[in-house]
Amino acid sequence: MTRGLPRLARWLIRRAARPPLDEELLGDLEETWRGTASTQIVGWLHVLRLSAAVYWHGRRDLSEPSPDAGGLSLWRAALQDARLAVRLLVRRPRHSAAAILTLALGIGASTAILTAARTVVVPTLPYPDASRLVHLWASWPGGFGNLSYPDFEAIRQAVPALDDVAAYESWGSVAMGTGDRPVHLTPMFVSPRYFAMLGATAAAGRLFDAADHVQGAEGVAIISPGLWQRQFARDPQVLGHQVTLNGSPYTIIGVMSPQFADLGQAEEPPADIWLPTTAAQSLLGQVPLTEVSRIFWGVGHLAPGETIVRLRQELDAVAARLAETRPATHRGYQLRARPLHEYLHGAVVMPARLLIAGSLLMLLIACANVANLTLARAAERKGEFAVRVAIGASGGRMLRQALVESLVLASLGGVIGLLFAVGVTGALAAFVQTRVSPFVSPQGDFAAFAISATLTLVTSIGVGMAPAVAAARTELREVANLTGRGGVGRARGGLRAALVCAEVGIAVILLVATGLLMRSVHQLMSSGLGFRTDHLLTFRLDLAGAQYESADARAHFAETFVQAAQAVPGVESATIWGPSMLGHATWVANLLPEGRPADRPDAFTLAFFHATSPGALHNLGIPLAAGREFTAFDSATSTPVAIVSQSLAHEFWPEGGGLTHRLRRSDPRLPLLTVVGIARDAQHRERFSLADIGDGLAPAGLGAQRDLYIPYSQRPAHSLTVGVRAADSSGAASRIRDVIAGLDSGLAVDDIRTLDDRIADQNRAPAALAALMGAYALMAVLLAGIGLYGVIAHTVHERTREIGIRLALGAQATAVLGLVVRQGTVLVLIGLGAGLLGAVALARLVRVLLYGVAPTDLMTFAAAPVVLAGIAFVAMWAPVFRASRINPIVALKES
Amino acid sequence: MNGMPVPAEFELRVLLTVLRCRDQAYALAVHDDLERRTRRRASLGAVYVTLDRLERKGLLHSALGEPRAERGGRARRHYRLSRKGSATVRHACLEMQHLWEGLEIAEERP
Chain R
22 MTRGLPRLAR WLIRRAARPP LDEELLGDLE ETWRGTASTQ IVGWLHVLRL SAAVYWHGRR
82 DLSEPSPDAG GLSLWRAALQ DARLAVRLLV RRPRHSAAAI LTLALGIGAS TAILTAARTV
142 VVPTLPYPDA SRLVHLWASW PGGFGNLSYP DFEAIRQAVP ALDDVAAYES WGSVAMGTGD
202 RPVHLTPMFV SPRYFAMLGA TAAAGRLFDA ADHVQGAEGV AIISPGLWQR QFARDPQVLG
262 HQVTLNGSPY TIIGVMSPQF ADLGQAEEPP ADIWLPTTAA QSLLGQVPLT EVSRIFWGVG
322 HLAPGETIVR LRQELDAVAA RLAETRPATH RGYQLRARPL HEYLHGAVVM PARLLIAGSL
382 LMLLIACANV ANLTLARAAE RKGEFAVRVA IGASGGRMLR QALVESLVLA SLGGVIGLLF
442 AVGVTGALAA FVQTRVSPFV SPQGDFAAFA ISATLTLVTS IGVGMAPAVA AARTELREVA
502 NLTGRGGVGR ARGGLRAALV CAEVGIAVIL LVATGLLMRS VHQLMSSGLG FRTDHLLTFR
562 LDLAGAQYES ADARAHFAET FVQAAQAVPG VESATIWGPS MLGHATWVAN LLPEGRPADR
622 PDAFTLAFFH ATSPGALHNL GIPLAAGREF TAFDSATSTP VAIVSQSLAH EFWPEGGGLT
682 HRLRRSDPRL PLLTVVGIAR DAQHRERFSL ADIGDGLAPA GLGAQRDLYI PYSQRPAHSL
742 TVGVRAADSS GAASRIRDVI AGLDSGLAVD DIRTLDDRIA DQNRAPAALA ALMGAYALMA
802 VLLAGIGLYG VIAHTVHERT REIGIRLALG AQATAVLGLV VRQGTVLVLI GLGAGLLGAV
862 ALARLVRVLL YGVAPTDLMT FAAAPVVLAG IAFVAMWAPV FRASRINPIV ALKES
Chain V
17 MNGMPVPAEF ELRVLLTVLR CRDQAYALAV HDDLERRTRR RASLGAVYVT LDRLERKGLL
77 HSALGEPRAE RGGRARRHYR LSRKGSATVR HACLEMQHLW EGLEIAEERP
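In the order they appear, the protein sequences are chains R and V.
Heads up: the first sequence begins at 22 in the working numbering, then just goes up one per residue.
Heads up: the second sequence begins at 17 in the working numbering, then just goes up one per residue.
Okay, chain R solo, but in the shape it has when bound:
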């Protein structure tokens, strides 16, 4: 027979052996096949046996690492390791759950950190070329604030560092006449280029063009998507529709895109309607644009190659020229610029910093916990590793096994962490956007997740590999000891104890910070403002239109309104306040006692001012410390008078007195004010404003209350606020509307709310911040508890034999328990001590966020350790209980 090897046999051999071995085998088989061809069965048996043997030996060969082992075999080995790792995880469900939970929390927390950090550090404003946009403002002796339109024109013409600049103004309100009662709208007045620079687009119709900004042009307006929905039911026919604003006709030419983040929102409610700056004069009764009235902000775009430093130099030059040409209004005046994101994000910085600190601490705890759990597990398995090394496992094999085990654990933690991160980032975004700033939208990006996941995983894998490395170096003679007692290195035990101490310490820090914030929120909610806020209906009136052109007309309206409102049944009192809303003072005056030098820019003192009707302080329940209230005799023609708050009086006249002294204001055109009364301090500012905190002002509770009250009749602003106290608030609201309609049917009254309601709104931001910190603290305490549980449980497990012997020799169960409890207690006490020290340091950082609570608040500092000690007790209870139930005989048999 000369037939060659059958094709099937060749196929079998090629499957069984790798090249070049297959060629050699095939050659040899061809030779032997010829020899045995007469008995084909023998030949086939030989082929089968040989291919099976080569395949089997080859497999075994591959399971040992070789210098050129193929990728496929490594995968097979890794799969095998992964299966083993999963089996090990399932066998220790509590340990696995703790490790996975810890990893998940760690990854979620650090993703939140990175997201928050990006929000603050990287300017992510929703505008084209946002990093080159600047905000323009002004400062003068005694204060800072808006620009006047002439300033803006000067900047536009004489600052080459800016290739684009626009002015805008957002305050007050306009009444839009539709149907029987007008509605109040928040207007936004913008100069040409404002929309173009910020990349605004219209959802329908068009935006302003140059012709719309010409003085005397037909009135045009752009409405917000919200107004389009509310008032026009998204009717596309609204374009070209004519509406009356404060009595004048305006044509709606466009609807703003809902994506546009209008700059006015930084300080005022979101705009309902956009109008050209030229409309401000007729609508709000303002001075012509050519005169100085500081009501505009500026926004500019840096020309290519220009820097903000260069811009500031040019602005200084412009300010110097203005001081020369208009000395009456511009002496000591400075034009200022800052990056737009700095202006808009100022409010976000502080809460973001706090959240970053919270997340960072959380991450530290998570890493410590992962390390701890892994070390504990490693200590238990040291014996196992040592035996495996002793019976021939190579170091590389052990390392790979440890790596795969860590990876399996880490990927499970990673998946849950990703879900957690999505949740945290969602909550953070919602918080920041609704409570802090509409200009930021923190979005958890994949990079943030990838970075934090990598950090946490590196910790877990790094620590996870340590025992395998140690085992690879284990000497054979140690094995007997290790397997006999399941012992653990003292050094490693010490490291784990230190980690638990650190966790407890960090948890205390977070608990204290949270406690302080919560106490602060409680103070905000429970402490009074220094006046009666109950049953007080508040709303705003805007006296716009020709009939309110004269100051007398406005003063007369106010007087008539108060009389009419007080005549309404059920109304206790009616008070003209303003121009700021009650509980939200924003209007300020710069004051200096007469006769003192005004040579320095900071010579003037900033005080919040309120223009009130006679008897206002009595109506609000603010007691007078000295002097008298305003009366009907304090009129436009009588001596200008003022009442100052006690703090302000003390600042100006520390030796006492103050009555009959006179005050001057920074604007020399305004008359001197004679102090006729001193009122007790009351809080008219929003007590916890993130914007104020961003500007470096502490919440109002810690600062002096500087307030100036003047009679409304002597400063009758177009915009005034009203407080009406009535036992039945809701019933009174409609009757008050009727009163106003009776006086002037063209006046819009909306947003009538009780003051308590407004204050509750203000308290929402600090409450949300405290809640977020509370979430971090809760997680921290939880993780510290898990860590403590892990260490104590491990100790008990490790000392089972010892405890068994002690019990067998007659030791009392309580004495044995004492051993375990003492160990845990020492760890907790050390952690508490270190944590309290850290908390003192952190509290100094949190100080600016606290209202009415000292950063070293004794109650908080006492409560935090108690809470943590309680958690520690719970964490220790289970393992200690298990120790007490150890049966000496079983314990000794087991070991």
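Among the clues, some could well be false.
Within a straight-line C-alpha distance of at most 25 angstroms, the following computed SDA-like cross-link-like pairs (lysine to any residue) qualify [claimed, not checked]:
id, chain 1, residue 1, chain 2, residue 2
1, V, 73, V, 103
2, V, 73, R, 420
3, V, 73, R, 414
4, V, 73, V, 62
5, V, 73, R, 35
Across the chosen pairs, the derived CB separations fall in these ranges [claimed, not checked]:
id, chain 1, residue 1, chain 2, residue 2, range
6, R, 39, V, 86, 19 to 27 angstroms
7, V, 35, R, 118, 55 to 63 angstroms
8, R, 39, V, 35, 22 to 30 angstroms
Okay, the calculated bits of chain V under chain R, using three or more residues with CB under 8 angstroms as the criterion [what the hints assert, rightly or not]:
id, region
9, 54-64
10, 77-88
Don't read these hints as lab results, they were simulated from the structure.
Heads up, the beta-carbon is just placed ideally off N, CA and C, and yes, glycines get one too.
Given the coordinates of chain R, work out where chain V should sit on it, guided by the hints.
Same frame as chain R, but now just chain V:
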């Protein structure tokens, strides 16, 4: 010690047999010679895999001979010890001698 690789027992046997077979050291011959001298059955598959592994460890070199018709046009692979292989064998044998030195074992009778 001196970092010399320590061959497993079967590897040492194969190395010694390759040394003995000189220029006729191809897999089938090595297998036959190994079985004859040890008077034990050896798996042919194990011999192939071991030769392959020893070559990968650098203890053996191999070269292809002339292609032959009876092998389906394939060449035989001939093995010989590398310098490292020779040193390893020498070292392993010396180690055995050292271990035996001074030991007396009662002669077994058949």
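Starting from the hint list further up, note which numbers the structure goes against and sort them upward. none
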